[in-house]
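These are the residues of each chain, in order.
Number of protein chains: 4
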Amino acid sequence: MSFSFGSIFRVTIFGESHGKTIGAVVDGCPAGLQICEDEIQAELDRRRPGQPLSTSRREQDSVRIMSGTFNGRSNGGPIAMAIDNTDADSSWYDANRFKPRPGHADYTAYVKYRGFNDYRGGGFFSGRLTACMVMGGAVAKKLLSLSGIKVLAHVVQIGDIQVDSRLIDDGQIEENAVLSPVRCADRGKSDQMVAELKRVSGANDSVGGAIECRVLNLPVGVGAPIFDSLESIISHGIFSIPAVKAVEFGSGFKLSGMKGSEANDAFYIKGGKVAAVTNNSGGILGGISDGMPLLFRVGVKPTPSIGAVQRTVDLRRMGNAELQIEGRHDPCVAPRAVPVVEAITSISVADVMLRSGCRFERLADNGE
Amino acid sequence: MSFSFGSIFRVTIFGESHGKTIGAVVDGCPAGLQICEDEIQAELDRRRPGQPLSTSRREQDSVRIMSGTFNGRSNGGPIAMAIDNTDADSSWYDANRFKPRPGHADYTAYVKYRGFNDYRGGGFFSGRLTACMVMGGAVAKKLLSLSGIKVLAHVVQIGDIQVDSRLIDDGQIEENAVLSPVRCADRGKSDQMVAELKRVSGANDSVGGAIECRVLNLPVGVGAPIFDSLESIISHGIFSIPAVKAVEFGSGFKLSGMKGSEANDAFYIKGGKVAAVTNNSGGILGGISDGMPLLFRVGVKPTPSIGAVQRTVDLRRMGNAELQIEGRHDPCVAPRAVPVVEAITSISVADVMLRSGCRFERLADNGE
Amino acid sequence: MSFSFGSIFRVTIFGESHGKTIGAVVDGCPAGLQICEDEIQAELDRRRPGQPLSTSRREQDSVRIMSGTFNGRSNGGPIAMAIDNTDADSSWYDANRFKPRPGHADYTAYVKYRGFNDYRGGGFFSGRLTACMVMGGAVAKKLLSLSGIKVLAHVVQIGDIQVDSRLIDDGQIEENAVLSPVRCADRGKSDQMVAELKRVSGANDSVGGAIECRVLNLPVGVGAPIFDSLESIISHGIFSIPAVKAVEFGSGFKLSGMKGSEANDAFYIKGGKVAAVTNNSGGILGGISDGMPLLFRVGVKPTPSIGAVQRTVDLRRMGNAELQIEGRHDPCVAPRAVPVVEAITSISVADVMLRSGCRFERLADNGE
Amino acid sequence: MSFSFGSIFRVTIFGESHGKTIGAVVDGCPAGLQICEDEIQAELDRRRPGQPLSTSRREQDSVRIMSGTFNGRSNGGPIAMAIDNTDADSSWYDANRFKPRPGHADYTAYVKYRGFNDYRGGGFFSGRLTACMVMGGAVAKKLLSLSGIKVLAHVVQIGDIQVDSRLIDDGQIEENAVLSPVRCADRGKSDQMVAELKRVSGANDSVGGAIECRVLNLPVGVGAPIFDSLESIISHGIFSIPAVKAVEFGSGFKLSGMKGSEANDAFYIKGGKVAAVTNNSGGILGGISDGMPLLFRVGVKPTPSIGAVQRTVDLRRMGNAELQIEGRHDPCVAPRAVPVVEAITSISVADVMLRSGCRFERLADNGE
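Chains as they are written, first to last, in numbering that gives the first Met the number 0: chain G, 0 to 367; chain W, 0 to 367; chain P, 0 to 367; chain X, 0 to 367.
Treat the hints with caution; some may be incorrect.
[What the hints assert, rightly or not] Simulated restraints on C-beta separations:
1. X:277 <-> W:47: 55 to 63 Å
2. P:85 <-> W:360: 54 to 62 Å
3. P:310 <-> G:315: 43 to 51 Å
4. X:19 <-> P:187: 55 to 63 Å
5. P:174 <-> W:360: 56 to 64 Å
6. G:315 <-> X:277: 50 to 58 Å
7. X:187 <-> P:202: 38 to 46 Å
8. P:272 <-> X:261: 25 to 33 Å
9. X:163 <-> P:187: 31 to 39 Å
10. P:174 <-> X:163: 41 to 49 Å
11. W:197 <-> P:90: 53 to 61 Å
Derived by calculation from the structure, the hints in this document are not laboratory data. We put the beta carbon where it would ideally sit given N, CA and C, even for glycine.
Could you put together the complete structure from these sequences and hints?
Below, the structure written as structure tokens:
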């Protein structure tokens, strides 16, 4: 089940970095959703930040829908989507297959799959598979939009440069982050981040980052207690994104140092509805949405592929070795992970809502 | 499925804070595991730190095994365990049922369950249900011990007092954390934490904390890529523990500010085996164990039940209101959450290993 | 997952024939359903047909609800129910544990569980566990009744005595089958079946039977294609009842000999709605309900426990052996299986409806 | 989850009759299995019996592997396979879309999907999707062959012509059924069946049939009790094949009329191993394999598409109507369903074995 996520709305992904085709199958999308290749392509295109910040590999990423739509709408069956990989040069990987790259899954994959894994470009451990997540997420995002739900992610940290996200309003994310080559909503910080990435890249190094994600307009009462808590479901999905090593909701780890009297979000009546004065809980109480913006932060490790010579081992002769990775790689994963975080979050929320019996009433009633 | 966790090794929990009985059913434990009520009771007892740091409610927590064992060993069927609740005074909850306690699930539960939820003591949102997790975890822990796998959690932060866990070796956790009333492996810090809890408690307040968990002796190759990554499975479980709002693996959020050249854990040969110089990845690469200690950190919010008067709303008349919570409550959840984190981690790891075809060979071969 | 059934509405059962306690946990029942111990007990009592047709073992089967209800209604959490077993004499099983009873699971359990299984009374393979199915089914049945859905099973065959169920209308099942000691809706046939059971029992033998089940008032459009077809879900559950070896929907195996022109159920308009002239499909087309009564038939093998001496083997010395089973056993399983078939069918249908987003609107809106 | 089957070894299928592409994704196949497009193609080709018995639609069914293999072996990731549909003429379906074909899912799909379903050729309810099952099954079959397990299905009934399968030995199935245009192991009966199909076809009608399936060399102890019984898992899968309306294991419905003394399969020692004198249980006791051939029978309804004029309704004007289906259709589904039954059975058994921790040891140890 390793390549499937979701229960009622379930996304299955497939493919390898240097394989023939990558893709996603969305099972459980209600019938009647308007969705077309262009919309999915638009999300995919967001995974490609402007050069020279990103990998030089030219991903065409031209998606085709293989099944599941009819007359421009979901037909109730599985929506299968695919992208054909363009030919990749695997010679470096062939030459170095017994030297696991530090920070990558090469070593663990070699052990788990007894040497049968596709080692070229990391096989199915490659960030390339996040394109499949984005395909599935595009469908979920469109579905959520019918209920006015917005999922907005943006970069809040690259290396030492941090944005105080409390100063960023939702509109800024929608307007600025999209234009920023590093997907940062603060223009000044965005420029600093771009400069930092150039510096790091020039030093044959890479750097980590952090992403914040907000889910807006989620109704109160979405989610479930204990093992199906919103935190459980969302973190499950988010930690499946390669390079993610940390997730915190609301004030997250800051809560470890806070007092209850500070941390509790007091309720009050605002415009006839229940609201909270603060949002330390990130919009989730008892695993269930409380009407405040759902908010979480994702920590991303530095791109493990760096140009510098690194220590490693040779698995065949079981001795120490050195390794120098060729090719150009993104100096930071965070900007490209923004649409992936949105995709996984959209899938999670769509699934949770469908499980709770949500019918997305604005789906047209009649396909005739 | 909200109260079930795991796929092959699956734990289902039930009960409410003021209900009749709470319990757990473990389905999928291999036959032949020696397990008895005393062992489960011993884990449950660890949830009760010494007075006066903990809630005054006397939990007898005397567990009985209802099914699943025969002649002191698991028989291959579901192991059902239960604890009868002692009578609790629900009058405060009856009087305040329309005033949701800030930081608790009262409001979200009221909306989701349309007023039918058991509001007494938080119902099934109560920390009381973590006792059920511990019951299930006791079985998993015993199973893992057959392969020499140890799961060790300890408190590394309460409020401002932090322990640098890199200075704590595994032995210290096993020896000191067990004895510390706050489950902290550093004796000096433990004393400071105790003092802090008294201060906080005296001020009718509470405080947050953090727990580190280590899984030792996990073989290389346990886990799976993408949606079944160790991080995905473990975080899914850990975020189901009430009060947990943050989880990070290895160097976690610190990685956001690091360079790739620092963060990559270089491989080398140590005693004929592959090892890593550092462990920034927390023992997990590509979702799969790499032979280093699996390591993660859990952020716990302050106990939301505090003695001070708090702002809230009255859901029946939809107006602002005030609320003062009665009774004594743990000033910090972290110490009691230590065995719960171990339990959930044990369940996660046992399930992942069984899914990968691990047979726990040291189970006796023959029940005759 | 062997002891859990259902996806959104999920029932987990536990216990052994001679164990301490048997029970069921229902996770996923919507909040607000009126349900009490008496209603569950009433279903359990239906499993006990009048003496002398049934086993002499006195099952008290007095159910207690451990969790999940509050003020007489489901509270949204897991509904855990239990029955304590009364002391059973296990001496015959101790003496014969290495001689597997033909037609029972003794041999396969011995191999699968490497001798650690609870062999007393068949352990968790015992028909005793169908009481747990009935507990879970009682909740599902009550839920379905809110939408006017009725689940009616009745015995249509015992040995050579068969009832042509096309001659039995729904009212007869509700009125007659309940009173018949063999749960047969045809009074004359019921008397013949009773006589046959006495004959068979007197000859130290047993006999097989068949049960028909009808689901009435199911809306059109319930179910799903392919792997979640109503036939797939229902048969999955029904084949989990010990002794069931055959399931057919609508005209079932008769369709193998029919022409398409006979088998196709022609549509027509009846009272402004779509109806079908015949019901060879058993109310299911493409895995989805078509508005006709859902209809299936279940074949039950003869009780394997018979008084006659039987050939078997001795597993310890791996030689041929003989075996004579002691105690009294039901000469036919079918009558007692009637409420079990209803229970499993109710669970299946409730789960399928909840998965499709059904909200059972007649659940009261407000628990205050 | 409607288009996914299996838990550890999971097959997801997609596509529609007149859609662009159909396919299957196999997640959970162990790494190292030799599998190539030719082997999958060979299974697909078995779905196409010789003309003139089959539909005139030319299915090229040329499969391509999109992911999951590397150097001719499974790489541990999802194996995605696809077949592009050739252009189909949908004009008849466009003209008749509001007149549901009797015996088809047109009406139930129209209601469930509110008119958004792809009505052309039955959309994803079409028998066309059984090709996807066969793709997934080809992988499972190959995996099982590593343990010497064979899955053999053959036609035992078409209309009135029946084969007594007890007279057919395994070798005959392997030799004769493959050559028979109707997949029948008895040559004489095969000729009669061919003649019957011609007669039926000439009369613009169709006819039902039955298939027997045997699983040989299954080790003792495969399967699980209650809800994961072999009968539960296999029937779940088999009933997902369109047109299947009945499944019975071993002596099936015949057991309803038998005595326990006849039905019980007596054990004895044969060549140092436990064997059974008869096989009324179909090789399954308590849901677990007992070492005898696993045996079940599948009832298939007549092809609902017949040339004669049929009564139906017009869903738009809600009145009675008539319908005449154009095009040529298989007069009997059974022959083409033979490889589909084998496929689903193979998937079921592979999944059950992997869940029990089977490692298929003959997978090569080393991919280097």
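Here's how the hints hold up against the structure:
The hinted window of 55 to 63 Å between residue 277 of chain X and residue 47 of chain W holds, with their beta carbons roughly 59 Å apart. Between residue 85 of chain P and residue 360 of chain W the Cβ separation comes to about 39 Å, which falls outside the hinted range of 54 to 62 Å. Look at residue 310 of chain P against residue 315 of chain G: about 58 Å separates their beta carbons, and that is not inside 43 to 51 Å. A hinted range of 55 to 63 Å for the beta carbons of residue 19 of chain X and residue 187 of chain P is consistent with their spacing of about 60 Å.
The hint said 56 to 64 Å for the Cβ distance between residue 174 of chain P and residue 360 of chain W, and at roughly 59 Å that hint holds. Hint check: residue 315 of chain G to residue 277 of chain X, Cβ distance near 55 Å, so the stated range 50 to 58 Å holds. Taking the beta carbon of each, residue 187 of chain X and residue 202 of chain P are about 41 Å apart, inside 38 to 46 Å as hinted. At about 48 Å, the CB distance of residue 272 of chain P to residue 261 of chain X disagrees with the hint of 25 to 33 Å.
The hint said 31 to 39 Å for the Cβ distance between residue 163 of chain X and residue 187 of chain P, and at roughly 34 Å that hint holds. The beta-carbon spacing between residue 174 of chain P and residue 163 of chain X, approximately 42 Å, falls within the hinted interval of 41 to 49 Å. At roughly 60 Å, the beta-carbon separation of residue 197 of chain W and residue 90 of chain P lies within the given 53 to 61 Å, and the hint holds.
In summary, the structure is inconsistent with hints 2, 3 and 8 from the numbered list given earlier, while agreeing with the others.
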